[in-house]
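With the hints as constraints, model all of the structure from the sequences given.
The lines below spell out each chain.
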Amino acid sequence: MFEGWDAVVLARAQFAFTMSFHIIFPAFSIGLASYLAVLEALWLATGREVYINLFHYWLKIFAVAFGMGVVSGIVMSYQFGTNWSAFSDKVGPVIGPLMAYEVLTAFFLEAGFLGVMLFGLKRVGPRLHFLATLMVAIGTLISAFWILSANSWMQTPTGHAVNADGQFIAADWLKVIFNPSFPYRLVHMVLAAYLTTALVVGAVGAYHLLRDRHLAGPRVMFSMAMWMATLVAPIQILAGDQHGLNTLEHQPVKIMAMEGHFESHKDGAPLILFGLPNQTAGRVDFAVEVPKLGSLILKHSPDAPMAGLDTVPRENWPPVAIAFWSFRIMVGMGLLMLALGGLSLLMRLTGKFYDSRLLHMFALAMGPAGFIAVLAGWITTEVGRQPFTVYGLLRTVDSASPLAAPAVASSLIAFIIVYFAVFTAGVIYLLRLMAAPPHPGEEGPSHDAPIRSAGITPAAGAAVEGAAE
Amino acid sequence: MIAIDLAIVWAFIIAFAVFVYVVMDGFDLGLGILFPLFPEKHDRDVIMNTVAPVWDGNETWLVLGGGGLMAAFPLAYAVLMPALYTPMIVMLLGLVFRGVAFEFRWRTTKERNKWDVAFFGGSFLATLAQGIALGAILQGVHVEGRHYAGGWWDWLTPFSILTGVSLVIGYALLGATWLVMKTEGELRDRAYHLSWIFLLAMLGAIAAVSLATPFLHVQYTQRWFAWPNVLLTAQVPIAVAVITALLLRSLAKKYDYQPFFLTLALFALSYAGLGISMFPYIVPQSITIWQAAAPANSQIFMLFGVAGLIPLILGYTAWAYWVFRGKVKPESGYH
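Protein chains in written order, with the numbering used here: chain S, 1 to 469; chain E, 1001 to 1335.
Hint data in this document are derived by calculation from the structure and do not stem from the laboratory. Keep in mind that the hints are not guaranteed to be accurate.
Keeping only pairs whose Cα atoms sit at most 30 Å apart, straight-line, the calculated DSS-like set for lysine-lysine is [what the hints assert, rightly or not]: (1) 1253(E) <-> 122(S); (2) 122(S) <-> 1327(E); (3) 1253(E) <-> 1327(E); (4) 299(S) <-> 175(S); (5) 292(S) <-> 266(S); (6) 1253(E) <-> 1329(E); (7) 1110(E) <-> 1041(E); (8) 1329(E) <-> 122(S); (9) 1041(E) <-> 1329(E).
As structure tokens, then:
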């Protein structure tokens, strides 16, 4: 079985599959960790019970999501070796240290303080506990920093040289880390994580408001989440635009694929809204396009010439249809988020924020939108980098392990079966937790002796600390 | 500029990370392996709670071991991972089941048994795969140029099965002595009993692996038995005998802490034995640490991070253990 299959295609399918499952959890936990830190800070500052209830409510959800992120992440750190050993040998000296720094500065920080964050409030008191929450939140952001630096270097490699063994080596570490696309990608991804979390929080809040619009917890979380959508969705669209211009500068072929520009346009390229990219024929079938708008957006001038894929050798074309469509899905989601943010602001200003069923239904429907946008965005940028692993320098076919197709196929099937079984169960448990509204006296993941948990407030915690001195 | 051999420094750092992993995740996985021997829900809750706050940090050392290997010895990582393809995949999938079980089993009553089985199965398979991988590395892999050139079942030999089973026994012993330290009453008594059984099994396993290793390669035989090496290498079995005697005594006297830490000492000695066999190879008999080493500037760049951060990491990890110190009382689980 699988003898006739291409091991490289199977290895790519495996990476895409395991990566897509993995990215969902960090995208959620980066935002959620920061949200938890904000909730705990608000509780410490105001002493209002609703904040600690919300904190414990989302902490239980965080624990489940974080666990799934950890186990799917370990798979990624070994997959470079198992399926992409030639890549590891050649590129390991450059991106290996970046990932090692991610482990040292982020993973340990998150994991080391996670136990205290989840189970330690009564053992260490509110202030130290807040420190632990903060460390976990900072850890998730540091993690994003390093892994996006490594990924960005693969997209826009700078600061490197090649040694006698054919390995990439760093000539200038600062240029490697702060490569041209990194700042744009980092901002775009962290904002995406925040938006993703806000949309989930908002959907959960909306779900409970639809059933009872007087619940304190859902009102607070819905309001916080909608502020996030109102403020961050426009910023994200701006950041995405800047990221796109950066891509045009450094990876023009990716933009050609995203835009479906097979042909060059000497005096202004159109913006193709929809169509069916036909890679073989080198054209977009049934294209619906706005003349000159492509040049206006990308070059800020309607008559600016734009080169197309006809200027690029065919063997260097990425799969156009995938990049074209995933990009449109991402942008579509972004526009819907903008609409939700705008509508919620309107309702807020007109005093119908907690009463508008339309707004609540819209917010509920938008719950998964962040995940869809994140996945679509990653597919756009990764597929757009093809047929290279290190853009322009190392081909994907030259990166794979010397494995027989049956080995890769077997492991791919095993991953598909296990991931669907495990993560389906996990998502069901998450939805079950979200389906119950937060209530007064909410417990965290800790089921520690219930008698003591009743009277935990910042004031009481401070008193305990005072007594201990 | 002081002449330091970066490859040797990094070999010790990777070895250290892997050893810390074995020490810390060893008892976690051991608890999973012992799970079927504690069928009561109540006991299982307590067992889970002894490691619930720390397991994630423990597992992170495995990521450092793998990530560090890729960064510091990319050639070794690139050769070994395809050579160990199946054991690695099995280990990763085992760790998926084991890891999610920590959270999932508290989120459902109907399916709790399913996740208890996942916890056991995941722990068992991950451990077996790690042990098999170790044996497969020791017996050497087929390398051509900068690539693994063997088949995808080369790792499977009687020797690698022996090391796989040995590690299962070893982790089970770590788990049992951990429970002795962290629990009370009837649960602890059962853990004592199991510690005896798995200690005897572990001694058998150490003897079997020690006897089999020299037959894998003539180099191993020379390393251990050639004069004057034997003056040094003979210290290892002597130390094993001493630690074993202390361990037996601590179990007989029903001490709380000593059995666990003496078991760790036994692991450390076995690990040192492995180091003696392998050095200076990172892929035995094919690639030395110097051949596999990443360019100096990669190793130096990371050395700053390791020197500054590992002490910090050990510090806050110790703090987390301190926060959750002492016996886990049945009535005050974290969950």
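Verification of the supplied hints:
1. A distance of roughly 35 Å separates the Cα atoms of residue 1253(E) and residue 122(S); the hinted pair therefore is violated under the 30 Å criterion.
2. Distance restraint check for residue 122(S) and residue 1327(E): the Cα-Cα separation of roughly 17 Å lies within the 30 Å cut-off, and the hinted pair is therefore satisfied.
3. For the hint linking residue 1253(E) to residue 1327(E), the alpha-carbon distance of about 19 Å falls within 30 Å, and the restraint holds.
4. A hinted pair counts as satisfied when its Cα atoms are at most 30 Å apart, and residue 299(S) with residue 175(S) qualifies at roughly 27 Å.
5. For the hint linking residue 292(S) to residue 266(S), the alpha-carbon distance of about 11 Å falls within 30 Å, and the restraint holds.
6. Distance restraint check for residue 1253(E) and residue 1329(E): the Cα-Cα separation of roughly 23 Å lies within the 30 Å cut-off, and the hinted pair is therefore satisfied.
7. For a cut-off of 30 Å, the pair hint linking residue 1110(E) to residue 1041(E) stands: about 13 Å separates their Cα positions.
8. Only pairs whose Cα atoms come within 30 Å are accepted, and residue 1329(E) paired with residue 122(S) is accepted, the gap being roughly 15 Å.
9. Between residue 1041(E) and residue 1329(E) the alpha-carbon distance is near 15 Å, which keeps this suggested pair within the 30 Å criterion.
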